[in-house]
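Protein chains in written order, with this note's numbering: chain L, 88 to 273; chain R, 56 to 478.
Don't take every hint at face value.
[As the list claims (entries may be wrong)] Chain R stretches covered by chain L per the calculated footprint, using a threshold of three residues with CB under 8 Å from any CB of chain L: (1) 146-154; (2) 243-256; (3) 317-323.
[Said to hold, decoys possible] Some chain R residues close to chain L (C-beta under 10 Å, calculated; not the full set): (4) L181; (5) G182; (6) V232; (7) K291; (8) I337; (9) T339; (10) Q375; (11) G378.
[What the hints assert, rightly or not] Label pairs and their computed distance ranges (CB to CB): (12) R:V242 x L:E199: 38 to 44 Å; (13) L:K238 x R:Q224: 37 to 43 Å; (14) R:D289 x L:K184: 40 to 46 Å; (15) L:A189 x R:G391: 50 to 56 Å; (16) R:Q224 x L:S169: 35 to 41 Å; (17) L:A239 x R:R374: 44 to 50 Å; (18) L:I271 x R:R164: 33 to 39 Å.
The set of hints was computed from the structure by calculation and includes no laboratory data. Using N, Cα and C, we set each Cβ at its ideal position, and we do this for glycine too.
Read off the chains here:
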Amino acid sequence: MKKILISGLLASLLAACAAPAPKPPVDNTAAEEAARKAAAEEAARKAAEEAARKKAEDEAAARKKAEDEAAARNRLPNAATSVYYPFDVDVVQDADKVAVEAHGKFLSSHAERKMRVEGNADERGSNEYNLALGQRRADGVKKMLELGGAKADQVEAASLGEEKPKATGHDEESWKQNRRSDMIYK
Amino acid sequence: MSLSLLRCVWLGLLWLYLGNAQAALEIEIIGAGEKQIPVAIAPFAGDVGLSGELNQVIMDDLQRSGLFRLVDASAEKAQRPSEIRHAAWVGRGAEALAVGTVTTLPDGRFEARYFLVDMVKHEVLLGEALATKPEQVRLIGHNIADAIYEKLTGSKGVFSSHMAYVNRQGGFFRLLVADSDGYNEQVVLSGNEPIMSPAWSPDGKRLAYVSFENGHAAVYVQSLDSGKRRLVADFKGSNSAPTWAPDGNTLAVVLTRDGNSEIYLMSAEGGNIRRLTYSNGIDTEPCFSPDGQSLLFTSDRGGSAQIYRMSVEGGSAQRQTFGEGTNFSPRYSPDGNSFVFAHRANGRFYIATQDFQSGQMTLLTDGGWEKKPSFAPNGKLILFASEARGRGILATVSSDGRVKQQMFTQSGDAREPVWETRP
């Protein structure tokens, strides 16, 4: 009897507690349905977005890869573009041969590229002699470029003689800068 | 007196400034001729401005030659030989006296009338009247100085002749023509690309030169009267070192179109190209002998730059310069008996001459940065490029090495000078 009473009391207590809280069962179901739908839509949108982003990324990566490959193909050789000479000498020195060969190889694989070689001389000698010396220097570089695979019509050799000195002093420091051929891509 | 002692003698130091911007330059003279002729130039009567300038030009020319000593004649009032009071000149040492007048003609021109009188024999040596536009007063002055020079020395004067040279200022180049004293500069060509090697046609009416305006050295011929020009050599590589044959129709040029710097003959109008030299070395700077039969040129075929001579018909070349050093830029003397060139030894450039018969080289200068010599038409003076005060300047030396002159232009470096070849 005592047990029943307690149970009854508990039940009524429970009832008393539960009574004010619950929403109407119909309302509850509709909201859940709407939320689920919204979530599904959100997920679908996110998936689509993700797919689009992935696609764009893949395309960008492919494009970049193609560009990189093209750039690598067209990248100028990582080699010096000037060569230097001892006094009254027109032969490319051993130290500079690697650079000239690298440019020759590049020109050989890029038939569309053109280069101008400008020969210069220091001021010791007559202007005309130095013009001739600068031409021999430029012609020597052109020949070496051709040995490396460049076609004759890709390379123009010109001389500036002593007319456009890079350094203007009457000293070896200036002269050695002016005894020079420049390889200039057009 | 020894040459070295004479080199130390500073006979005259002239500072010539021209008021207008057209041609301001200073001229400095060092040394004196072995025998200087004492001469007096009286102030010409008439328009003070014109006569004053005229007198100054005549006196400067004579003084600059190093062959005259000017005796003061500022008090002489005579206008014609009969008015000269010879008694007043006794003991003053003048061997010759010039007197004259300047008058303005009805047509606006001015006329200079002058007489040169032998003050020892009391004879009239010269009497002339010259008329021209007032702006050409300097030209008349040069003409009178030429006449006096010729009468008293027996050689033709060169004061009324011209020179061409290149002025380089930073990266800006101008090809200029000027009077023999550096005045009256005229711009023939200017631009940002180098200009080299001007060469006078024998009649003095055209210049051949090298311009880089097409990206490489190419040869042009330009008329000085009309300014019209023609591109005569523009082959691949370098086209350079033009020089005129005495006939005025043929040029010698240096081309690299066949693989090396070689000398060719061609028409001054372009075309008709004939190759003259075949060597593995550099052949350049050709110069015709006065009779047009041979060429001097610079070549390093023997291992270093030296002077060679060959026939204009081609064939073998004979080496002319030997010994220590290298040699460049040969030019025949007007009589064809010797040549002048730039001699490089011990890190210096000298102006030197060499006699064909003796093969003897004579240094005319003390050395420095001295290049590109050329004879004046009378063979008595040599014009060359030098350096002073850190600038490229024009300089002359008498062919006996006694008298030197430096011309300082206003700005920039003077390069590649050449004296007109017209006699």
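Consistency of the hints with the structure:
1. With 0 residues carrying a beta carbon less than 8 Å from a beta carbon of chain L, the region 146-154 of chain R misses the three-residue requirement, and the given coverage is violated.
2. Three residues within the 8 Å Cβ limit are the bar, and the region 243-256 of chain R against chain L gives 3, so the coverage statement holds.
3. Only residues whose beta carbon comes within less than 8 Å of a beta carbon in chain L count, and the region 317-323 of chain R has 0; fewer than three means the coverage is violated.
4. Checking L181 (chain R) against chain L: minimum C-beta separation of about 42 Å lies over 10 Å; hint violated.
5. A hinted interface residue such as G182 (chain R) counts as satisfied when its beta carbon comes closer than 10 Å to some beta carbon of chain L; here the least separation is about 46 Å, so the hint is violated.
6. Annotation: interface hint on V232 (chain R) violated; nearest CB of chain L at approximately 19 Å, more than 10 Å.
7. Using the Cβ-Cβ criterion of 10 Å, the hint placing K291 (chain R) at the interface with chain L is satisfied: the shortest such distance is roughly 8 Å.
8. For I337 (chain R), the shortest C-beta to C-beta distance to chain L is roughly 4 Å, which falls under 10 Å, so the interface hint holds.
9. Hint status for T339 (chain R) relative to chain L: holds, with the closest Cβ pair at about 5 Å, below 10 Å.
10. For Q375 (chain R), the suggested interface contact is broken, since its CB lies about 16 Å from the closest CB of chain L, more than 10 Å.
11. Annotation: G378 (chain R) was flagged as interfacial toward chain L, and the flag is violated, the nearest CB pair being 18 Å apart, outside 10 Å.
12. In this structure, V242 (chain R) and E199 (chain L) meet the distance hint of 38 to 44 Å, their C-beta atoms being roughly 42 Å apart.
13. At roughly 40 Å, the beta-carbon separation of K238 (chain L) and Q224 (chain R) lies within the given 37 to 43 Å, and the hint holds.
14. Between D289 (chain R) and K184 (chain L), the C-beta spacing of about 32 Å breaks the proposed range 40 to 46 Å.
15. Between A189 (chain L) and G391 (chain R) the C-beta distance comes to about 54 Å, which sits within the given range of 50 to 56 Å.
16. Between Q224 (chain R) and S169 (chain L), the C-beta spacing of about 26 Å breaks the proposed range 35 to 41 Å.
17. Checked against the hint of 44 to 50 Å, the pair A239 (chain L) and R374 (chain R) fails, with Cβ atoms roughly 35 Å apart.
18. Separated by about 57 Å at the C-beta atoms, I271 (chain L) and R164 (chain R) break the suggested range of 33 to 39 Å.
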